[in-house]
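Top line first, the protein sequences correspond to chains A and B. Letter 293 of the first sequence, counting from 1, is numbered 437 in this note's numbering, and no numbers are missing. Letter 121 of the second sequence, counting from 1, is numbered 265 in this note's numbering, and no numbers are missing.
Rather than coming from a laboratory, the hints here were simulated on the basis of the structure. A couple of the hints might just be wrong.
Remember, identical chains collapse to one label, so a pair may be satisfied in a single copy or spanning two.
The calculated lysine to any residue pairs, modelled on SDA-like cross-linking and capped at a C-alpha distance of 20 Å, are [unchecked claim]:
(1) K196 with P328
(2) K353 with V201
(3) K164 with A265
(4) K526 with E305
(5) K372 with K526
Listed below are the residues making up each chain.
Protein chains: 2
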Amino acid sequence: MSSTTYQSYCVATYRAYDDKADFQKKALGIAVGLTVGSWTDLPEARKAEMEKHLGRVVDVTVHEPDVGQPGERYADIQIAYPDANFSRDIPALLVTVFGKLSMDGKIKLIDLSFSDAFLAAFPGPRFGLQGVRDLLGVQNRPLLMSIFKSVIGHDLPALREQFYQQALGGVDLIKDDEILFENPLTPIERRVEVCMEAAAQAERETGQKLLYAANLTGPTFSLVDQAKRAIGAGANALLFNVLAYGFDALSELSRHPEVNVPIMAHPSLAGAFYPSTYHGISANVLLGKLMRLAGADLVLFPSPYGSVVMPLAENMAIKDALLTRQAADYSFGAVQEQPLSLATSFPVPSAGIHPGLVPWILRDFGHDVVVNAGGGVHGHPKGAAAGGRAFRQAIDACLAGAPLRAYAAEGHPELQAAIDAWGTRE
Amino acid sequence: MSSTTYQSYCVATYRAYDDKADFQKKALGIAVGLTVGSWTDLPEARKAEMEKHLGRVVDVTVHEPDVGQPGERYADIQIAYPDANFSRDIPALLVTVFGKLSMDGKIKLIDLSFSDAFLAAFPGPRFGLQGVRDLLGVQNRPLLMSIFKSVIGHDLPALREQFYQQALGGVDLIKDDEILFENPLTPIERRVEVCMEAAAQAERETGQKLLYAANLTGPTFSLVDQAKRAIGAGANALLFNVLAYGFDALSELSRHPEVNVPIMAHPSLAGAFYPSTYHGISANVLLGKLMRLAGADLVLFPSPYGSVVMPLAENMAIKDALLTRQAADYSFGAVQEQPLSLATSFPVPSAGIHPGLVPWILRDFGHDVVVNAGGGVHGHPKGAAAGGRAFRQAIDACLAGAPLRAYAAEGHPELQAAIDAWGTRE
C-alpha cells in the first residue's frame with residue numbers, strides 16, 4: 145500500500161450476545177452502517193471514492209456454548225473505523241463506535257485501540273506516574289493517599305484539623321471527597337488555603353511533601369476558571385468526576401497551559417457503564433484507556449479487595465491500560481505492536497483498603513500503585529495520624545520482604561493496632 | 145415545620161437486587177453514607193447541626209419472589225438528599241445520588257425527583273414543544289422529521305441535493321446524522337449555508353417552513369463558539385450528542401443567550417446506561433427527566449416499533465417525563481403533586497419508522513410527537529420527496545380518522561407505494 149493510500153483506523157471490539165444471529169453478517173452491518181451507510185448498491189466509481197471511509201471487519205470470533213451445557217452464545221467482533229470519519233476528540237470516537245450501536249440489543253464495548261494519527265492529537269497525562277513521583281520526590285515505593293472521612297456540613301477549622309491529622313501520618317496525597325461541591329462552609333479557594341497551610345505545618349514535622357487534590361466541580365464551561373481559582377489559592381492537584389462531564393472536558397483541562405497540576409480522575413458513575421455483562425463499556429476501556437488518553441495523571445477505580453468490589457481480572461486490565469508502553473496499531477491488514485507515546489497514569493485501586501491488605505495490593509500491582517484509604521486511615525484505633533503511619537509501616541514491611549505481623553511486632557505499634565483491628569491477608 | 149427549618153430534598157429511587165440483604169439497613173447506609181458519612185456515633189449537639197445535611201430513607205419496598213417460582217429478590221429504595229449538600233447542577237446531583245453507589249453491587253437508578261429549589265436553577269427548554277410548533281407555524285398535527293441517509297464522504301452538492309429532496313416531501317425538520325463531525329468536505333458553516341438555501345428553495349415550492357438541526361460537535365469548551373458559527377451561517381436548530389458531553393453542557397448551551405435556536409438531544413451512547421436490569425440509569429431518567437431539565441427542546445429515543453427496540457412501557461415513561469406538567473415535591477414528610485414550571489420537550493421516537501406505523505405512533509403518543517424517519521423516507525420506491533409525502537399523507541389519514549389503506553386508495557399514491565413496500569400496522 146503506497147503512503148498516499150495509507151489508511152489509518154481506530155478499532156473497536158464488541159461482545160455481542162445472540163442465540164441465533166449470523167454474527168458475520170452483523171459485523172458487516174456495523175462496519176458499513178456506522179460509516180458509509182450503504183455499500184453493495186453503490187456504483188463502482190463511487191465505491192472507489194468511498195472506500196477510504198468504509199469500516200472494516202477485522203475479526204469475528206463466535207463462542208458457541210457446549211451442547212447440553214449452560215452458557216450463552218456470543219461473538220467478539222472487531223471493527224476498524226477510518227480516522228477520516230471523525231474528528232480528533234473522544235466524543236466523536238465514542239459516538240462513532242458506540243453511539244447508536246449501544247442501543248442495538250445485547251452488545252458491550254470491550255476494547256478500543258487508537259490509531260497513531262488519532263493518538264497524535266492527544267498529549268496524554270501532563271505529569272503521569274513519573275511526574276507525580278517527581279513532584280513528591282518519592283521514586284522507590286508505592287505512594288499512600290488518604291481521603292477525608294466526612295466533609296459535608298463541616299467548617300474550615302474542622303476540615304483543616306482532619307487534613308492535618310492525615311498529613312501527620314505520612315501520606316503522600318490527600319483527596320477531597322468527590323461529593324464535596326462549592327458550598328458556603330468550605331468554598332474551594334478558602335479550603336485550599338487552609339489545607340495547604342496544614343500541609344506546610346505537617347511538612348515541618350514530617351519533612352514530607354504532599355499533594356492535595358481539590359474537587360473541581362461546577363458548570364462545565366467554567367471548569368478552567370474554577371481550576372485556575374483553586375490553583376491560584378495554592379492547590380497542587382485536582383480531583384475530577386470525569387464521567388459526569390465527559391472525557392473531553394478532562395482532555396481539555398489536562399492540556400490547558402494554566403491547569404498545570406496533576407489531575408486525579410474519580411470513577412464516580414462508572415458503575416452505570418461497566419458491570420453489566422450485556423451492555424455498557426468495560427472497565428479497561430472506561431477507566432483505563434480513555435482516562436489515560438484524556439490525560440488523567442492518577443486514576444481511581446474500585447479495588448478487588450474491599451467493600452466496592454471489582455473482579456481482579458478487570459483491575460489488572462485497567463492497570464495494564466494505564467501502564468503499558470506498547471499499543472496495537474492497525475495499519476490496515478496488519479496489526480503491529482509499537483511504542484505508545486502517552487505518559488503512564490498512576491493506578492489507584494480504592495475502597496475497603498486497610499494496612500493488612502498492602503501485601504496483596506503490591507503483589508497485584510507492583511510498586512507503581514497508590515495505596516488509597518479512607519476508613520483504613522480514619523478508623524485506626526489511635527486516630528488518623530496513626531492510621532497513616534500504619535500504612536507506611538505496612539509498605540515498608542513489604543519493601544523489606546518482611547511478613548506484616550513480624551514487622552509489626554518489631555516496634556511498629558501503629559501497624560500492630562491496625563492488624564489487631566482488621567487482620568491481614570498476606 | 146417552620147419555614148426557617150424547612151428542608152428541601154431531591155429524591156432518588158433505586159432498584160437493588162440481592163438474595164439476602166437487609167434492604168432497610170442498606171437504605172439507611174445509603175442515606176447516611178452518601179451525605180454526612182456517619183451519624184449514630186455523633187454527639188447530640190453535632191447531630192443538631194448536621195441534621196440538615198442528613199439523607200432520609202423515604203421508602204423501602206421489598207419484592208420477595210414467590211416460593212418455588214423463578215424470580216429475583218429486589219427492593220425499590222427511595223432516598224431523599226438535602227439540596228444543602230450539592231450545587232445546582234446535574235453533575236453534582238448525579239455524583240451525589242449515584243456516583244459511588246453505581247459501583248456498589250446490583251443497583252440501578254430508576255427515578256429521580258427534583259426539589260423546587262433545585263428546579264428553580266434550571267430555565268429548562270428555551271423553546272420546548274410549543275416554541276418549536278410556533279417557529280414552524282404548525283399547531284394541530286404531529287411533526288415530521290427526516291434524517292440524512294448517508295453523509296460521510298459526501299460533498300456539499302450531494303448533501304444539498306439530499307436535503308432538497310427531503311424538504312420537497314413536506315417534512316418539518318431535517319437533522320444531520322449524529323456521526324457527521326467537522327470534516328473538510330462539509331464543514332458546518334458551509335453545510336448550513338447550502339442546506340438552508342435548499343430549504344428556502346423547497347419552501348418556494350411547498351410553502352412550508354423547516355428546521356435544520358446541524359450537528360454540534362468538537363471540543364467541549366468550544367461548543368458555544370461552534371454553535372454561534374453554525375447559527376451565524378443560518379442554522380435554525382442544533383443536534384447535540386448530550387451523553388458524550390454530559391448533561392451540564394446541554395444545560396449551559398440551552399441557557400446561553402446567543403445559542404437561541406432549538407436544541408435536539410440525540411440519545412447516542414444511551415444504550416451504555418439504560419438497558420441492563422441490574423445496572424445503570426433507566427431511560428425515563430436518562431432520556432426523559434434529565435434531558436428536559438437540561439433544556440432539550442426535542443429528545444430522540446429508540447422507538448418500540450422498529451429496528452432499535454425499546455419496550456413500549458419505557459417509551460411511555462420517557463414521554464411522560466418530557467410532557468408532564470406535574471411534579472412530585474418532597475417537602476419532607478409529605479409528597480405533593482404541584483405544577484412543573486419547565487416547558488415540555490418534544491418526544492421523537494426513532495428508528496425503523498415507515499408510514500404504515502404512523503397510526504401506532506399516534507395511538508401511543510397522541511399528536512404531540514415528531515414522526516422521525518430515515519430509511520422510511522429515503523427508501524421509498526419513488527424517492528425521498530415521495531417518502532416525505534407518504535408520511536404526511538399517513539398523518540393526514542390519522543387526523544381524518546381514516547384507515548391508511550382506504551386513504552391511500554383515495555388518490556394518495558405515495559402512501560399506497562409505501563404500504564405496498566412495508567405494509568401497515570394499524
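Next on the checklist: To test your reading of the hints: which numbers does this structure violate?
Outcome noted: 2, 3 and 5
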